[in-house]
Amino acid sequence: NSKVIQTPRYLVKGQGQKAKMRCIPEKGHPVVFWYQQNKNNEFKFLINFQNQEVLQQIDMTEKRFSAECPSNSPCSLEIQSSEAGDSALYLCASSLGAQDTQYFGPGTRLLVL
Amino acid sequence: GDSVTQTKGPVTLSEGTSLTVNCSYETKQYPTLFWYVQYPGEGPQLLFKVPKANEKGSNRGFEATYDKGTTSFHLQKASVQESDSAVYYCVLGLQGGRALIFGTGTTVSVSP
Chain A
1 NSKVIQTPRY LVKGQGQKAK MRCIPEKGHP VVFWYQQNKN NEFKFLINFQ NQEVLQQIDM
61 TEKRFSAECP SNSPCSLEIQ SSEAGDSALY LCASSLGAQD TQYFGPGTRL LVL
Chain B
1001 GDSVTQTKGP VTLSEGTSLT VNCSYETKQY PTLFWYVQYP GEGPQLLFKV PKANEKGSNR
1061 GFEATYDKGT TSFHLQKASV QESDSAVYYC VLGLQGGRAL IFGTGTTVSV SP
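So the sequences go chain by chain: A and B.
When we follow our numbering, the leftmost residue of the first sequence carries the number 1, and every step to the right adds one.
When we follow our numbering, the leftmost residue of the second sequence carries the number 1001, and every step to the right adds one.
Don't read these hints as lab results, they were simulated from the structure.
Please note that the accuracy of each hint is not assured.
[What the hints assert, rightly or not] With beta-carbon atoms standing in for the labels, derived distance ranges:
hint, chain 1, residue 1, chain 2, residue 2, range
1, B, Pro-1010, A, Asn-72, 43 to 51 Å
2, B, Lys-1008, A, Pro-8, 27 to 35 Å
3, B, Tyr-1039, A, Leu-111, 19 to 27 Å
4, A, Gln-17, B, Thr-1027, 36 to 44 Å
5, A, Lys-27, B, Thr-1070, 36 to 44 Å
6, B, Tyr-1039, A, Val-54, 28 to 36 Å
7, B, Ala-1078, A, Gly-97, 32 to 40 Å
8, A, Gly-85, B, Gly-1096, 25 to 33 Å
9, A, Gly-85, B, Glu-1082, 29 to 37 Å
10, A, Ser-66, B, Ser-1014, 43 to 51 Å
11, B, Ser-1058, A, Ser-71, 36 to 44 Å
[To be verified] Derived lysine to any residue pairs resembling SDA-like cross-links, with alpha carbons at most 20 Å apart:
hint, chain 1, residue 1, chain 2, residue 2
12, B, Lys-1052, B, Gln-1076
13, B, Lys-1056, B, Thr-1020
14, A, Lys-3, B, Pro-1040
15, B, Lys-1028, B, Leu-1094
16, A, Lys-44, B, Tyr-1039
17, B, Lys-1049, A, Asp-100
Ideal placement from N, C-alpha and C gives every residue a C-beta, glycine not left out.
Could you put the whole structure together from the sequences, leaning on the hints where they help?
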C-alpha cells in the first residue's frame, strides 16, 4: 500500500480564493508528480520535481498554479485564484526515480463554488 | 502521439464470472505498461507492471501480457469477486521521466 500522504482530503473554496494542498512522498522517494483527475476520470499531468528542482510542467501551471518541494518540508500545490473548472481530485505520486513506478496518495478533492 | 485506449465501461458482472478489459497503446518508444486500480475515495493503486515485451504481469488473480506485436495489454481475471468492483486503468510509462499516460478507465461492477 502507498505511503504517500496528502492533506487536506477535502477543500472547498470560493471563486477567486487561494487553494493550497500538501503532499508528503514515500520515505526515500525523491521524485514527486502532481496530477489533476476530473469528474470524467481523465488525468492531466501538472508538474513534477526531483528533490527541490522542477523537472517538467505544463503551461497551465505557469499561470495560476504554483508548486514547490522544499527540503525537509511537504511538497505543495497552490492555485492562486480558484476557478470553477479547477474542481477536481488532485493527486500526488512519488517514485524512486523519474522512470520508476509511481505510487499515488489518496488525493485532495477540491470543490470551487 | 502516445496514447492508450481501453474498454469503455461500465462492465457489470456476477461473482465467479471472468473479466477481460481490453487495452491497446500507441507509442514509438519502448514503454513500461501498468494496470492501476482505483477504489471510491482513494487514489490509483498499482495492480502490477510489465517493463518488457512478451512478459506477463500478475497480482491478486489478475494478469496481463505485454504483446508488442499487437500493442495490447489486456487485463484478465478468471473469477471475479464483489471486492473487485473498481475503476481499472491501463497506463503507459515512457522513458525520460515523463508523466504517466492513463487510459480513460473502465468501471467494473461485480454483483454477489
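For each hint, the structure was consulted:
no. : hint                               : verdict
1   : B:Pro-1010 - A:Asn-72: 43 to 51 Å  : holds (44 Å)
2   : B:Lys-1008 - A:Pro-8: 27 to 35 Å   : holds (33 Å)
3   : B:Tyr-1039 - A:Leu-111: 19 to 27 Å : holds (20 Å)
4   : A:Gln-17 - B:Thr-1027: 36 to 44 Å  : holds (40 Å)
5   : A:Lys-27 - B:Thr-1070: 36 to 44 Å  : holds (40 Å)
6   : B:Tyr-1039 - A:Val-54: 28 to 36 Å  : holds (31 Å)
7   : B:Ala-1078 - A:Gly-97: 32 to 40 Å  : holds (34 Å)
8   : A:Gly-85 - B:Gly-1096: 25 to 33 Å  : holds (29 Å)
9   : A:Gly-85 - B:Glu-1082: 29 to 37 Å  : holds (36 Å)
10  : A:Ser-66 - B:Ser-1014: 43 to 51 Å  : holds (49 Å)
11  : B:Ser-1058 - A:Ser-71: 36 to 44 Å  : holds (39 Å)
12  : B:Lys-1052 - B:Gln-1076            : holds (18 Å)
13  : B:Lys-1056 - B:Thr-1020            : holds (15 Å)
14  : A:Lys-3 - B:Pro-1040               : holds (18 Å)
15  : B:Lys-1028 - B:Leu-1094            : holds (10 Å)
16  : A:Lys-44 - B:Tyr-1039              : holds (19 Å)
17  : B:Lys-1049 - A:Asp-100             : holds (11 Å)
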